[in-house]
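Participant: Chains as they are written, first to last, in our numbering: chain Y, 5 to 123; chain X, 5 to 123.
If you're looking for bench data, these hints aren't it; they were derived computationally from the structure.
Chain copies aren't distinguished; within one or between two, either way the pair holds.
Only pairs whose alpha carbons sit at most 30 Å apart, straight line, appear in this in silico DSSO-like list of lysine-lysine:
1. Lys7 to Lys106
2. Lys60 to Lys106
3. Lys99 to Lys117
4. Lys60 to Lys99
5. Lys117 to Lys7
6. Lys7 to Lys99
2 protein chains.
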Amino acid sequence: MFKSILREVVENADGAVASILMGFDGITVDSYASEGSGVDMETVGSEYSQVLAQIKQAAQMLDMGTAREVAVQAENMTTLMRLLNEEYFVAIAMKPQGNIGKARYLLRTQAPKLLENLT
Amino acid sequence: MFKSILREVVENADGAVASILMGFDGITVDSYASEGSGVDMETVGSEYSQVLAQIKQAAQMLDMGTAREVAVQAENMTTLMRLLNEEYFVAIAMKPQGNIGKARYLLRTQAPKLLENLT
Numbered sequence: 005m006f007k008s009i010l011r012e013v014v015e016n017a018d019g020a021v022a023s024i025l026m027g028f029d030g031i032t033v034d035s036y037a038s039e040g041s042g043v044d045m046e047t048v049g050s051e052y053s054q055v056l057a058q059i060k061q062a063a064q065m066l067d068m069g070t071a072r073e074v075a076v077q078a079e080n081m082t083t084l085m086r087l088l089n090e091e092y093f094v095a096i097a098m099k100p101q102g103n104i105g106k107a108r109y110l111l112r113t114q115a116p117k118l119l120e121n122l123t
Numbered sequence: 005m006f007k008s009i010l011r012e013v014v015e016n017a018d019g020a021v022a023s024i025l026m027g028f029d030g031i032t033v034d035s036y037a038s039e040g041s042g043v044d045m046e047t048v049g050s051e052y053s054q055v056l057a058q059i060k061q062a063a064q065m066l067d068m069g070t071a072r073e074v075a076v077q078a079e080n081m082t083t084l085m086r087l088l089n090e091e092y093f094v095a096i097a098m099k100p101q102g103n104i105g106k107a108r109y110l111l112r113t114q115a116p117k118l119l120e121n122l123t
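Generate the whole structure from the sequences, applying the supplied hints.
Facilitator: Take a look at the structure:
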């Protein structure tokens, strides 16, 4: 169930290579990687889970309301993360030239389905 | 000099309210806020400076290369940050419905000018 959504997101966003559903504690619910992606999405997720937890706190502290989405563009990879609730987030790793707009759209529209099955 | 670039970025991106040039140590070089923005950009920058420092390390550790840009979308504010070099970043705060694409473009094109004057 989770896997099929994670797979759908990767397959429908140009340049996406892997995705993961994870807790802010760094524990994976499920993940998907396209063949030969060469991305260890569990390690990526677990590194960024700490960053996201910090951003979540900072946004609250700064009166910005709930943090919804974080995008990190690095030389060789773009990571797009959507915070689902207090406990979980979903992340997608993409090639730098990938279609980030499409990935954002897919994460946003699939988020309610993921949430529904998480709670 | 810095101020005029920071001001230009805010004035030319729809929905942008404030900008800052800061070190990863949380020390401000210069900042600009539009009238009545109500945003304490020094506090925003200093909160996010720690997050950015962590992302910089994570990206290197994960073999993603140098982190270039980070965007955080929260309910009431979007913060777009561009890492300039090992020491400095520039950030812009925007209303959620602001033109993020334009802000990204402006930060990217103004980055070399900021860098030139930082080094």
